[in-house]
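Chemist: Take a look at the letters that make up each chain.
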Amino acid sequence: MPGRVGVCRRLLFALLLGVAAAALATPAFALGGSGLRPTVPDGVSENGHRIYDLYTYLISPFGIFVFVLVEALLLIIILRFRRSRQRPDYQPPQWHGNRWLEIGWTVIPFLILVVIGAFSFIELQRDFVRPADSVTDLDITVSAHQFGWTYYYPEGFKVNSEGLQATPLVIPTGKLVRMRMQSTDVIHSYWVPDLTGKTDTVPGYDNYMWYKVSQPGKWRGECAELCGTGHYTMQILVQAMTPDDYQAWVSDQVAKAKPSPSASPSSAAGAASPSPSASPGASASPSPSGSPSPSASPSP
Amino acid sequence: MATLAPPRPKNYDDTFFKPISLWLTTTDHKLIGIMYMTTGMLAFVIGGVFALVMRVQLSQPNEKVIDASTYNQLVSAHGTTMIFFFATIFMTGVANYFVPLMIGARDMAFPRLNLLGFWLLPFSIIAYFIGFFVPGGALSAGWTGYPPLTEKAFSTSLGTDLWAFSLIIWALSGIMASTNFLTTVVALRAPGMTLTRMPLFVWAQISTSVLLLAVGAPLAGGLVMLELDRQFGTNFFTTQGRPVLYQHLFWFFGHPEVYIMILPGFGIISEIIPVFARKPIFGYASMVAALFGILFLSVAVWAHHMFTVGMNVYVETFFMVMTMLIAVPTGIKFFNWIATAWGGSIDFQLPMKFAFGFMATFLIGGITGIYLSSVPVDTQLHQSYYVVAHLHYVLFGGTVMTIFAGVYYWFPKITGRMLNKTLGEWHFWTVFLGFNGTFLVMHTLGLEGMPRRIVTYPGGFGEEGWGATNTFITLTSFFVAISVLIFLYNLVISWKRGEVAGDDPWGGNTLEWATTSPPPPYNFERVPPVRSHMPLRDLRAEGRIGQGEATKQTVEAPAAGT
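Chains A and B, in that order, give the protein sequences. Position one of the first sequence corresponds to residue 1 (the numbering used here), numbered consecutively onward. Position one of the second sequence corresponds to residue 1 (the numbering used here), numbered consecutively onward.
Rather than coming from a laboratory, the hints here were simulated on the basis of the structure. There's no promise every hint is true.
Said to hold, decoys possible - Beyond 10 angstroms from chain B on every Cβ pair, some chain A residues (computed):
| hint | residue |
| --- | --- |
| 1 | E71 |
| 2 | N98 |
| 3 | P131 |
| 4 | D133 |
| 5 | Y151 |
| 6 | E155 |
| 7 | S161 |
| 8 | A166 |
| 9 | T167 |
| 10 | N207 |
| 11 | C227 |
| 12 | T233 |
| 13 | M241 |
| 14 | T242 |
| 15 | V254 |
| 16 | K258 |
What the hints assert, rightly or not - Coverage of chain A stretches by chain B, computed from C-beta distances (three or more under 8 angstroms per stretch; other residues unrestricted):
| hint | segment |
| --- | --- |
| 17 | 173-179 |
| 18 | 185-191 |
Claimed, not checked - So the derived label-pair ranges between C-beta atoms look like this:
| hint | chain 1 | residue 1 | chain 2 | residue 2 | range |
| --- | --- | --- | --- | --- | --- |
| 19 | A | E46 | B | I126 | 33 to 43 angstroms |
| 20 | B | S69 | A | H96 | 56 to 66 angstroms |
| 21 | B | G221 | A | V254 | 47 to 57 angstroms |
| 22 | A | H96 | B | I130 | 52 to 62 angstroms |
Virtual Cβ for every residue (Gly too), placed ideally from N, Cα, C.
Go ahead and model the full structure; you've got the sequences and the hints to work with.
Modeler: Here is the structure:
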């Protein structure tokens, strides 16, 4: 009954499972940019890097283990317990259950999840609680709109990044940058995969994201929350410079901004409190209303 | 066999070639079930065409097959059609047909409510699709319809209102069906069928109905608030209000909806594996407990769709832990299925093939779910193609594969004829390879940083590297399309000229195999005695019936519906 066709099919099935296993188990070598990256990008910031660690070294071993175990069990069943390969008088055992087995496959997955959950919680405590003003080196306000981003720097100038030709957000290396995320119209989401995870910009309240970039470089990203017909054009560029280069760039921008002071936002209070609530309204936004910004941030 | 068309089974013409007026007015749960399933299958084809158009658009960087506005409408329509109009409706159809049969009832508890519940759906579906023909087009904010994008200020089209209206009607219909299922199972079980002797598919349908009953109203409520904003100028979710409140309401429905789509599939698999392995289900009690574990956990995980909106870390931790815990009951079900098949005498007929295909693929969706549940990791993966791959592994590798398994399993009961095996093999292998080819590499696109719901990736910053992967995905997605065509062709020709099935072609365990194929309008002449959750197997073991002749029992049927 099984014949050659049956064997072929089984081999094909085994091959397919092998490919699937290999795809999950591929080590994290440089496939980035090719469209076949096996893990999340290894972030150039500390928090981005720790997300990579969680993905690659905590969850993946368990994930690959469970995948290989279950697919192997399925394969063994497919190969060993076919009726066509058994004696005609074979009577399958009539098990109705087994208390210890059932307790086992309840408790063991639970323990695995406790480990994953515990490390995720530690990471949440470490990197997802907004840093205090005292440890923050640079405060930038990001105002999102259909379809672009405006970056307000504490020195009083702003950088507009509109559409496909994204203008870079310039940041210094080695400094803790904290961004106050706002939206003047719909919900957007700021995502630069090489930097760290994404943060939504929601009209009505402020969100925060922060990172400390270790090396100079330029990275891309884009809006991750469907925000209208121009969603795909909301590209992001981030450029990290050494502190000296950054200072030079800032002086340059301040000099450029001087001739037209009306364009600068009301932020004059320095790094500690950029008072961004009034600034988004001044941007060239198509929104019908400025953000009321009740500054009741849900982040602690 | 091909040349000689076998004679039609008795009742065949009576059941299936009635005048249209009968289809419009019937209260027979079987005919209503067939109408549900047909509606679902039509929606599956339409939603699939939407997906193919999107895949062609995404096959190359900077492709311009359709514009952004059309793409946004299609991306919303694909989700809405597949989730609301295909998966849920088709599963409701399967349950409508088989729950009364499996518990030995004559019909549903409220046959006319059943009729009303079904006939609300055409209004719901047509209302939504009219959106494509109004100025501005249909909903274009994704199937989730997040405000403020769906507010009047940003979506002026009537299509958005039609979408909200459509889903409110849909929720009403779902609430009616759920009430009906629960009452039927509580009130109309055959003599001897205690709760612990019910088939697991019936248990699965109970948990599904409880869920839909619990979360249908919050969905409708959220949409009513959205419509108040749009039509009467309130500020629930506008830029002046709290847009995130909508997300809470929507996902309080939206996540349990995932389980509304997959739990009946779990039930189908729990029916199929014991029959084809010739073993009883392993751990019946823990299977039922796992269903209810999933039910209760699933209403406390919704905010894992919102880990990037800026919630308190302790709130995020709560939802992360609850989400991870769902893996425990799901794992119990998986290992119980494996233990059921282990040591069996397995006949790999098509239903069993699809059951194993389901387990092999759904597993991947379950594992990626653990990655996504971890809040820090989710901030990278959220709203990327990784999520698209994950949800298709769960909904296609899960719901659709179980639907295919169920159709191959029960088609003989519904029509009296077997589905063609050769076409079925072609269907299985094209869908298995096509599906995995399409969605496995999609994970890596998300890891590259490709967000979902973008009409194109213009290139210039390195995204052009996504082109090759996307081309591959587009090519394999057509395998899936071909497989569905083979399946539909098989349905049509087998219904017309398939091999006659007999009453019990698989050697089934449950009561639906104890009546003729197709069953008469009154379902059973005599309901067999029920002494375990496998009443037909018991009869066969006692020698009271032989293989394939299930209708010679000696016990009187109870008076109708009591």
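Chemist: Next step is simple, just say for each hint if it's right about the structure.
Modeler: Evaluated hints:
With a closest Cβ-Cβ approach of about 6 angstroms to chain B, E71/A is found to fall inside the 10 angstroms limit, against its non-interface label. With a least CB separation of 8 angstroms from chain B, N98/A falls inside the 10 angstroms interface cut-off, contrary to its annotation. Look at P131/A: its CB is around 13 angstroms from the nearest CB on chain B, clear of 10 angstroms, so calling it non-interface holds up. The Cβ of D133/A sits about 18 angstroms from the closest Cβ of chain B, beyond the 10 angstroms cut-off, so the non-interface label holds.
With a cut of 10 angstroms on Cβ distances, Y151/A stays outside the contact zone with chain B, its closest approach being about 18 angstroms. The claim that E155/A lies off the interface holds: its Cβ sits roughly 26 angstroms from the closest Cβ of chain B, which is beyond the 10 angstroms cut-off. At roughly 13 angstroms, the least C-beta separation between S161/A and chain B is larger than 10 angstroms, which holds for a residue marked as non-interface. Distance check on A166/A: its Cβ comes as close as 8 angstroms (rounded) to a Cβ of chain B, failing to clear the 10 angstroms threshold; non-interface status is violated.
A cut-off of 10 angstroms between C-beta atoms confirms that T167/A is not in contact with chain B; the least separation is 13 angstroms. Not every C-beta of chain B lies more than 10 angstroms from that of N207/A, the closest at about 4 angstroms, which undercuts listing it as non-interface. For C227/A, the requirement that its beta carbon stay farther than 10 angstroms from each beta carbon of chain B is not met, with the minimum near 6 angstroms. Look at T233/A: its CB is around 8 angstroms from the nearest CB on chain B, not clear of 10 angstroms, so calling it non-interface is violated.
No Cβ of chain B approaches the Cβ of M241/A within 10 angstroms, the least distance being about 18 angstroms, so the stated non-interface status holds. The Cβ of T242/A sits about 22 angstroms from the closest Cβ of chain B, beyond the 10 angstroms cut-off, so the non-interface label holds. The beta carbon of V254/A sits about 28 angstroms from the closest Cβ of chain B, which is more than 10 angstroms, so the claim that it is off the interface holds. With a cut of 10 angstroms on Cβ distances, K258/A stays outside the contact zone with chain B, its closest approach being about 31 angstroms.
Beta-carbon proximity to chain B at under 8 angstroms applies to 0 residues in the segment 173-179 of chain A; the threshold of 3 is not reached and the given coverage is violated. With 5 residues having a beta carbon nearer than 8 angstroms to a beta carbon of chain B, the segment 185-191 of chain A meets the requirement of three or more and the stated coverage holds. At roughly 54 angstroms, the beta carbons of E46/A and I126/B sit outside the given window of 33 to 43 angstroms. Distance hint for S69/B and H96/A: a CB-CB separation of about 58 angstroms, consistent with the stated range 56 to 66 angstroms.
Between G221/B and V254/A, the C-beta spacing of about 51 angstroms keeps the proposed range 47 to 57 angstroms intact. Range check, H96/A to I130/B: about 53 angstroms between beta-carbon atoms, so the 52 to 62 angstroms window is met.
In this structure, the hints that do not hold are numbers 1, 2, 8, 10, 11, 12, 17 and 19, in rising order.
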